[in-house]
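K.L.:
Residue-level listing of the chains:
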Amino acid sequence: MIILFGVFIRYDEESDTHWIEHRRKKNISTNLENDFYYRYPSFQDVHVMIFVGFGFLMTFLKRYSFGGVGFNFLIAAFGIQWALLMQGWFHHLDEHDWKIKIGVENLINADFCVASCLIAYGACLGKVSPVQLMVLTLFGVTLFAVEEYIILELLHAKDAGGSMVIHTFGAYYGLTISWVLYRPLLSQSKHLQGSVYHSDVFAMIGTLFLWMYWPSFNSAIADHGDGQHRAVINTYLALASSVLTTFAISSISQNNGKLDMVHIQNATLAGGVAMGTASEFMITPYGSLIVGFCSGIVSTFGYLFLTPFMEKTLKIQDTCGIHNLHAMPGVIGGIVGAITAASASESVYGQEGLINTFDFKDAVANRTVNIQGGYQAAALFVAIAFGLVGGALVGGILKLPIWGDPADVNCFDDDVYWEVICCCCCFHKNKPEHVLCPFFIFLHQ
Amino acid sequence: MIILFGVFIRYDEESDTHWIEHRRKKNISTNLENDFYYRYPSFQDVHVMIFVGFGFLMTFLKRYSFGGVGFNFLIAAFGIQWALLMQGWFHHLDEHDWKIKIGVENLINADFCVASCLIAYGACLGKVSPVQLMVLTLFGVTLFAVEEYIILELLHAKDAGGSMVIHTFGAYYGLTISWVLYRPLLSQSKHLQGSVYHSDVFAMIGTLFLWMYWPSFNSAIADHGDGQHRAVINTYLALASSVLTTFAISSISQNNGKLDMVHIQNATLAGGVAMGTASEFMITPYGSLIVGFCSGIVSTFGYLFLTPFMEKTLKIQDTCGIHNLHAMPGVIGGIVGAITAASASESVYGQEGLINTFDFKDAVANRTVNIQGGYQAAALFVAIAFGLVGGALVGGILKLPIWGDPADVNCFDDDVYWEVICCCCCFHKNKPEHVLCPFFIFLHQ
Amino acid sequence: MIILFGVFIRYDEESDTHWIEHRRKKNISTNLENDFYYRYPSFQDVHVMIFVGFGFLMTFLKRYSFGGVGFNFLIAAFGIQWALLMQGWFHHLDEHDWKIKIGVENLINADFCVASCLIAYGACLGKVSPVQLMVLTLFGVTLFAVEEYIILELLHAKDAGGSMVIHTFGAYYGLTISWVLYRPLLSQSKHLQGSVYHSDVFAMIGTLFLWMYWPSFNSAIADHGDGQHRAVINTYLALASSVLTTFAISSISQNNGKLDMVHIQNATLAGGVAMGTASEFMITPYGSLIVGFCSGIVSTFGYLFLTPFMEKTLKIQDTCGIHNLHAMPGVIGGIVGAITAASASESVYGQEGLINTFDFKDAVANRTVNIQGGYQAAALFVAIAFGLVGGALVGGILKLPIWGDPADVNCFDDDVYWEVICCCCCFHKNKPEHVLCPFFIFLHQ
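Residue numbers (UniProt numbering), protein chains in the order written: chain X, 1 to 445; chain D, 1 to 445; chain F, 1 to 445.
What the hints contain is simulated information worked out from the structure, not anything from laboratory work.
A quick note: this is a predicted structure, and the numbers were derived from the prediction, not measured.
Quick reminder that beta carbons are idealized off the backbone N, C-alpha and C, glycines included.
Some hints could be false.
Listed next, the in silico DMTMM-like pairs over lysine to aspartate or glutamate satisfying Cα-Cα at most 25 Å (straight line) [claimed, not checked]: (1) X/Lys26 / F/Asp35; (2) F/Lys25 / D/Asp223; (3) F/Lys26 / D/Glu352; (4) D/Lys190 / F/Asp415; (5) D/Lys315 / D/Asp223; (6) D/Lys101 / D/Asp35; (7) F/Lys399 / F/Asp260; (8) F/Lys258 / X/Asp362.
Between beta-carbon pairs, the in silico distance windows are [what the hints assert, rightly or not]: (9) F/Ala248 / X/Gly257: 41 to 51 Å; (10) X/Asn255 / F/Lys258: 37 to 47 Å; (11) F/Gly396 / D/Ile355: 51 to 61 Å; (12) F/Gly257 / X/Ser187: 22 to 32 Å.
Covered stretches of chain D (chain X as the covering partner; in silico rule of three or more C-beta atoms under 8 Å from a C-beta of chain X) [claimed, not checked]: (13) 5-19; (14) 46-59; (15) 74-83; (16) 103-114; (17) 384-395.
So here's chain X without its partners, still in its complex pose (with noise of 0.2 Å):
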């Protein structure tokens, strides 16, 4: 990795101490046009989603928070450094030296791309060994920046939130992994796929600050002006109104009407993955509000039918229910996507607003609206290729008896990767006196 950086990745003329000079080229009249001042609120807030958000997200499990936030933490340090070099590669390369000139939207063009291979973990979590892990992201970068280049570069479709790039790709091909690697024993370890009190509060910390950030990930890489402004509403509303949904789709769903948790940490999201392809659009404040509203409403009941019957039919073992979360509303996303650019018009937009929101210019000056929403929809059918067809070479590779993943009755469970003690009597495993321990009998039965 190293090496690699060392031949090709260089700082951009914005954060390169050329910069005043730079500046005075171009006449740029203060150090606040310099990117890093439009973008690094945003880079923050995002670099918390993919950490603490899908890391605290993933700690639900009853034994295994270590392994929820743990590797996620190891796989989104080892997939920014390679997402550096890959969307270089493909994005960014300067054709004049070779080298891939860095600043902060390559940071969090990085964080992005890592997102998707978190969210393919979510399906293969507590299943699958960090060594798969890695192959998983090594693999699943690759396939994004690839897939990223056809959807934004080649098709010239807009993506502002990743919908489609992010969302439906990375759901896809964790799914489709899940798949090949079926376990049929898992029932084996099925006292460990529940969550405790605690862990489902440590889980809503990961949920809120996935709620809270949403905005600032779908306008992190918008236009300067009123694109960042006009994605942080939509998205701000589209998250509002999933919430109402939610709570109320989760409390009439159950005999008793309460609630459940688990559609609270993730159902409530399914506005802003909705709400990623065409945050930047105009599609109104109650065009929002209807995409939250309707991407809740299948999201709540994804968990409550559809994952029981994944499991049982489609042999697809899903942890996290990311198809509820991240498939079926990355699916709506890019659908709404495509109807909204089609129907977009110059009274709306006004004359230049249409040609920057969807950067008309260059090869593309030419095209008109309808066209843009039937790119829009192919876009997403490459999305799905990619995560279907990728899913399933990455998995045949994963399922190879190498890689150390867990035994059938081992899943979910810390102590398979990392040096734990009971949390009942707060002695290791292996001592003598958690024998004593009056829990043992429950939760090894």
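Add chains D and F to chain X, keeping to what the hints say.
P.N.:
Frame of chain X, contents of chains D and F only:
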């Protein structure tokens, strides 16, 4: 909600695609002049305070952490939508087309508005149903919008951090509701009305995020430039000061010199509340320290003596002690604001500075600082009056036996509204294995 | 404190209401040029690191979470006030009116200053009383201000992220104090000197917020424009690199290949510490990766071998292992900074870039990079010397038997300074019901 948004809510000119034309017309040189770049970082901090800060602060109860953070999430997400409408109708209605044009400042104001309802929730924590909370929020937001209109627009009082508008109103609103809903037999659930070790640590997450981001809260809608800058410095100092005071008082108030987590979690924040109104003023750094010092003392003594007194004598059951954290420091903040405003002078503020800070222009161009001080004091009374009268009315509505509130014996228990499992034996409470839990006898005696 | 603030502290021209006149005089075109908008987002990130990052990192002990996060809160809030005064006297005293003019940069510097005392606290965690901590902080801040004055003003060394000024000084200060306060019978509280499952997850909150926001720490007071931008990129890469190294070393160091949470919580941060001094320099992206790689290795091996060795042979009891996380990576950072500075060249930096980066103007206008490298090395020795000598002196003061430090058997136990209840049976430790707690026998044996 969707229909109302469809009819009334539109993007403002800074979040609309016409921004580029607006920029040219107004001769704005850079995208950075979009209000988004002035306010977005502060907005995100306020957002964290609302959802993580208030949410986790309310997880301290041993068996009501789900309700604390979960219902906080629900009513905040509902409230911000309703607040965008209500505040829009009162403050931001465009008289030409009868639409509300929203931008990032509206989002901040919606968060502020919701804060007052979350404060009110603090008094009722554990004793009301989610439906009651929705009603509390619906009316709370409405009352807030009217009260804010009177204070900020009609009286032209200044209240950047909302000591009066948010904290005083919210606290008296919640306390009056709690008084109307008094439960004489609440001691039946006394065994659940405390914390456990880990729930106290969770609550510290809330405390710290509130504490750290309070400078953003008080500066979020302050004037661009020196106003925001000064509000941050003042709040930072007041908060630091009240931490020291709280530790000192908490330690000397016990016979054995031990610290009480309840004080540390709450009274350390009193300085931020009390600095809300005067944060923009030239109160001077040592003035800020004095405000923090006084409010820390008052708040800690409130927890020690006033809360038990109120419960016994006044029949007000205040679960989180909002009277100590929000009501009293809020009133202090209002008084400090009135005094500081009345004693403002051109020699300290500069001629232009004085006009800018107090917005002495248009209808109030000839107002003197003494008169401004009087209006500030009037504003404080308006806030208290709205809290008391509004709370009595809404409390009356909530007393109707149709809202599904929990029985006295089930207060402070997540089991009523959530699917929970025993935190000791990890079994669902209805499962027969739970009967074997050795702590069953303790928890349910 | 209030009196000292009253005498000395005033707003600076960017936070004073005269800002508008100042703007006109200096011909500043926009409010955005107020330093607030350059530095406030970074300030908030640093603030989170100080209070949540350091605070929660120290919650890992099974029965000292209150003390970890609570005393961290106390001494940080005390320290920032004292630091504003001490740093003001040494760095920012206006020679005309003998006042200290504070703005957002002073708040950041106060947070930095406090960081060094919190690092020192890490060595003493669980073994000192809150009063001792206040004394440690009082002298620590004073020493820091002098040391910082010598390094930054007299030697004119660069240390944007404080590898030397903050980390090296703070660590040796704390280690020397811990050496003076050596407790030969500390093994009496050995049963409390470990973590439990959930306390390790709490500590991960601290780790992750430190890790994520470290780029802000190293860039907060860097030069506007490219300086801040480059510091972020360098730190981000160094951190990512040390995560991979830490996981690898932690895994291969155990016979069974299991990971140790202590390493993951701490050594993953070493890259940020080691990148402190050189963060502004053109160290190149791969240089950053190498720095992170080396410091991750050194830090993890430190936890494996050096900490036990130091405790046994050198009589230094280092609760949090700050020697591995701050002292060694800090020294690495200082050395890297000296080498990078000495090897800077006009061809890489550009003529103006070189002058800007190293501030070669006024008194040091003719300094060459080689000489700068020498001064950087000298600065490192100053930091170490201040830590050792200051620590010995303050340790001597703290050894006086007047500070109410806990008995050996009560170390690492919140029960000494906090009102706590048993985490198992939920009863206060002095209540008779607690005697029935089945874990009583385990925890207290």
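K.L.:
Identify every previously stated hint that the structure contradicts and give their numbers, smallest first.
P.N.:
Hint check: 5, 7, 8, 17 fail, others pass.
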